[in-house]
Amino acid sequence: MRIVIAGAGNVGTHLAKLLSGENQDITLIDESEEKLGRLESNFDLMTIQDSPVSLRGLKEAGTGDADLFVAVTPDESRNLIACQLAHYLGAKKTVARIDNYEYLLPKNKEFFKSAGVNSLIYPEMLAASEIVAGMKLSWIRQWWEFAGGALVMMGVKLRENAMILDKPLSLLGNELPYHIVAILREGITIIPSGNDTMQAGDLVYFMTMKKHIPHIRKIAGKQELPDVRDVIIMGGSRIAIRTAQLMPDYMNLKIIESNLDRCNRLTELVDDRVMIINGDGRDPSLLTSEGISHTEAFVALTDNSETNILACLAAKRFGVTKTIAEVENIDYINMAEKLDIGTVINKKKIAASHIYQMMLDADVTNVKCLTFANADVAEFNVKEGARITRNQVKDISLPRGVTIGGLIRDKEAVLVTGNTTIQPGDHVVVFCLEGMIKTIEKFFN
Amino acid sequence: MIHPRIIYRILGILLLIEAGILLACSLFPIFLGENDLFGFIMGALVTTASGLVFLLAGRKTGHKEFGMTRRDGYIVVASSWLLFSVFGSLPYLISGYITNFTDAYFETISGFTTTGATIIKDVEILPHGLLFWRSLTQWIGGLGIVFFTVVVLPVFGVGETQLFAAEAIGPRRGKLHPRIGISGRWILTVYLIISILCTVALKCCGMSMFDSVNHALCTAATGGFSTKNASIAYFNSRSIEYVITIFMFISGINYGLLFFVAFKGKVHKLLEDTEFKWYVLVILIFTAIVGISLFISTPYDAADSLRNALFHVTAIITTTGFTTTDYTLWPPFIWMIIGLCMYMGACAGSTSGGMKAIRLAILIKTMRNEFHRILHPNAVIPVRINGKVIPQSTRQSVLTFSIFFLALVFFGWFFYLAIGVDITDAYGTSLSCLSNIGLTIGDHGCNIPWDDMPTLGKWFSTFLMVIGRLEIFAVLLLLTPSFWKHR
Chain P
1 MRIVIAGAGN VGTHLAKLLS GENQDITLID ESEEKLGRLE SNFDLMTIQD
51 SPVSLRGLKE AGTGDADLFV AVTPDESRNL IACQLAHYLG AKKTVARIDN
101 YEYLLPKNKE FFKSAGVNSL IYPEMLAASE IVAGMKLSWI RQWWEFAGGA
151 LVMMGVKLRE NAMILDKPLS LLGNELPYHI VAILREGITI IPSGNDTMQA
201 GDLVYFMTMK KHIPHIRKIA GKQELPDVRD VIIMGGSRIA IRTAQLMPDY
251 MNLKIIESNL DRCNRLTELV DDRVMIINGD GRDPSLLTSE GISHTEAFVA
301 LTDNSETNIL ACLAAKRFGV TKTIAEVENI DYINMAEKLD IGTVINKKKI
351 AASHIYQMML DADVTNVKCL TFANADVAEF NVKEGARITR NQVKDISLPR
401 GVTIGGLIRD KEAVLVTGNT TIQPGDHVVV FCLEGMIKTI EKFFN
Chain V
1 MIHPRIIYRI LGILLLIEAG ILLACSLFPI FLGENDLFGF IMGALVTTAS
51 GLVFLLAGRK TGHKEFGMTR RDGYIVVASS WLLFSVFGSL PYLISGYITN
101 FTDAYFETIS GFTTTGATII KDVEILPHGL LFWRSLTQWI GGLGIVFFTV
151 VVLPVFGVGE TQLFAAEAIG PRRGKLHPRI GISGRWILTV YLIISILCTV
201 ALKCCGMSMF DSVNHALCTA ATGGFSTKNA SIAYFNSRSI EYVITIFMFI
251 SGINYGLLFF VAFKGKVHKL LEDTEFKWYV LVILIFTAIV GISLFISTPY
301 DAADSLRNAL FHVTAIITTT GFTTTDYTLW PPFIWMIIGL CMYMGACAGS
351 TSGGMKAIRL AILIKTMRNE FHRILHPNAV IPVRINGKVI PQSTRQSVLT
401 FSIFFLALVF FGWFFYLAIG VDITDAYGTS LSCLSNIGLT IGDHGCNIPW
451 DDMPTLGKWF STFLMVIGRL EIFAVLLLLT PSFWKHR
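In the order they appear, the protein sequences are chains P and V.
In case it helps, this note's numbering puts the first sequence at residues 1 to 445.
In case it helps, this note's numbering puts the second sequence at residues 1 to 487.
Same shape as in the complex, but just chain P (with noise of 0.2 Å):
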């Protein structure tokens, strides 16, 4: 597949070196010359030194046979351009990234697509709803639905008081309302056997149904953790301002925010529900004056990933249950995992699964990259005469790594076992270690 991706910024090198690691065509354009300097000495890919709005740049680069047009440059009007260009020269499919919620309105779509822009993605808005998400069920560390909310996973991290623990799998029953599909253990995932155990501190995915959530959370001992109704955000960035705006009603929120001008432009974004308080949020007494020691959820969310970690800490140590930090920097989420921060986000890693998604060829409709765990989480229809319907799971050979978490038939959520036989017309839902969808498509189809 010909992928072409404008702008060499943090979510196209993201998206540039998953996708050449995934052997595809990969062109990326940019201006600057420092940064596709390093890039193609590293990875199997093309740089272009050349605007990405400029036609002589974008023929350049291949566009008008390329499969797959991304504009992820940071001005989000340079993104629509560049996609309209994209589309004249004849790019097949074509993504800007955005800045702007109207935009995504449903409404617009039509417009968008007439105007060679075929899809729309807005990062802060994303991850914005994978922080209300995160909050909304407080004890869950991350948290997804699939087929419309028939089937979750959702990842919980174990504690001392959890009832699970140090039993091989195998003994913890037959006809469970659940399936363990990974276990994620000081930074290493584990897809589970039988004869694994799950230990204090491990980071588990549960495949469920929503009915069988409360006993989840019994057994996770997790049932006298509150819900969160106070939160606190720190820094009032654009992920804020849309966390802010997707808060359920119930939730009360305060911004602390340390520029005034930003405090001030903040009040005029949100609204009477939301108080801006302008201080340093990693100021321990600003926290108390502000009542940290009765909020339930602290979301830290300015510029530096260092702040945002090192004040999730301190908020621990005042008694938050639920803490949230958003990590650019990459190579720092596996570091705020073992320092025990709930949720980490990351922008770039949301923007790059989103268009990742998109470029699968299969009936994939849901791919998520988890941050934690180092896998992919994928739907697949089944097709007729598929290689995964002729015998039982435990039967055929699955590559390792591979764990088929649940399915949908006529409607109804199935949890896989090893002695469900999958039927063509099931709509399938599989986890696996990362960059491995490729090898596993040839069984759905």
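No lab work stands behind these hints, which were simulated from the structure alone.
There's no promise every hint is true.
With a straight-line Cα cutoff of 25 Å, these simulated DSS-like cross-link-like pairs (lysine-lysine) come out [claimed, not checked]:
#1 P:K316 / P:K157
#2 P:K109 / P:K347
#3 P:K347 / P:K136
#4 P:K383 / P:K411
#5 P:K107 / P:K92
#6 P:K59 / V:K269
#7 P:K59 / V:K266
#8 V:K388 / P:K59
#9 V:K264 / P:K92
#10 P:K347 / P:K157
#11 P:K113 / P:K92
#12 P:K35 / V:K388
#13 V:K365 / V:K388
#14 P:K157 / P:K211
#15 P:K59 / V:K264
#16 P:K210 / P:K157
#17 P:K222 / P:K211
#18 V:K228 / V:K388
Got chain P; can you put chain V on it based on the hints?
Coordinates of chain V only, in the frame set by chain P:
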């Protein structure tokens, strides 16, 4: 991080490929019944065994590779050139046509680096198989050993990018296709086409089939090994000289540009290329100077002067090193011009050696800018290549490269002097080896007097050849302590 197992495994695979090529060469003695069969078969066996040892040392690298680092790439490239030459020398040694290891190793590395300096006094007594292997080393080395093998047999899956980057560094970037493997295959196609066309052209000019193939291989690689002692002069044919001149010239052009001309019909891309213009211009100017001085000072008529001048200037600038006559018998003024040509080399991304025309272009433009700067102290003066401003860092690395190149020529000069070589020969040999030409300027004629060279000098020459072929830094980098620290 250095990953020894990955390195061992890649080297193992490379050696197996070399064993395969050696085995293919044994077809000549099988069909012609010559006495070098044993050399090839034994050589292939020893190489296979060594390759297997390397593979064994590099086994169990885990199912998920962490991938090659840049350091791994540099180590693989440098050591593959050395290893290939060690095992490539086996046929000469085992068949007994070269009796000591130093000479056999020298001959092989002179082949792989496309230098074309030969240690064999009488090549015409060599059997066909050995002659073909000799030419083939040049053809393989022309594009780069690692490049060639990786493109022909893409068996590694990982690390191609790092390997290519380590073997072909230079101021020119720009791929033909987003995937480096496919770019490589296109370039190899261009190379094949040049070689085949050259073979056909030489055959048409009356060369025997075997000689045509050998000379075509060595011309496309800008190597310069000949199957005849007298090089091209043996054939005494003007048409052959012109054919070889043309193909040397073509092989000195950037292969990426040749691809665009041959497969996409974009001739303007070639004609508008700054480096190509410089390359043509330099050849024309030097040919004119040499031609006129030949016409004035020798009994040649105008046509002969032009032909001789064009042939030798092209042979030297493309670092091929074929000869039709001993140019050291010409006036010393012409030696000077030839000496200058030796530094230059042809285009980056071709099979030639030397400093490369693009570096010369950047260097001269930078020098010109210095004068502008004196007159206009506040001016911001860019260096443009193909209409694009060259970043400061590239200019700096071009300057560094040039200084290193000069320093190495002088270092080599001193070294040869120290081991007792004549002053002009020492200079010519040093420059010739570093630029991968194979011809020299000196009192003993245009061929380097290898007989008088001490063993140490021969080893030093192989070192210079590899340094020059891998554009200095890739080899010298391995000699710096910091490369090996922080494992």
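Taking the hints in turn, this is what the structure says about them:
1. P:K316 / P:K157: holds (15 Å)
2. P:K109 / P:K347: Roughly 23 Å between the alpha carbons, so the hint for P:K109 and P:K347 holds.
3. P:K347 / P:K136: holds (20 Å)
4. P:K383 / P:K411: Distance ~17 Å between P:K383 and P:K411 Cα, so the pair holds.
5. P:K107 / P:K92: Given that 25 Å is the threshold and the Cα spacing comes to 22 Å, the pair holds.
6. P:K59 / V:K269: holds (14 Å)
7. P:K59 / V:K266: Distance of about 14 Å is within 25 Å: holds.
8. V:K388 / P:K59: Within the cut-off at roughly 17 Å; holds.
9. V:K264 / P:K92: With Cα atoms ~23 Å apart, V:K264 and P:K92 stay inside 25 Å; holds.
10. P:K347 / P:K157: holds (23 Å)
11. P:K113 / P:K92: holds (12 Å)
12. P:K35 / V:K388: Judged against 25 Å, a Cα distance of about 16 Å means the pair holds.
13. V:K365 / V:K388: holds (13 Å)
14. P:K157 / P:K211: This hinted pair holds, its Cα atoms lying about 20 Å apart.
15. P:K59 / V:K264: holds (14 Å)
16. P:K210 / P:K157: holds (19 Å)
17. P:K222 / P:K211: holds (16 Å)
18. V:K228 / V:K388: Cα-Cα ~46 Å, so violated.
Checked against the numbered hints listed earlier, the structure breaks hint 18 alone; every other hint is satisfied.
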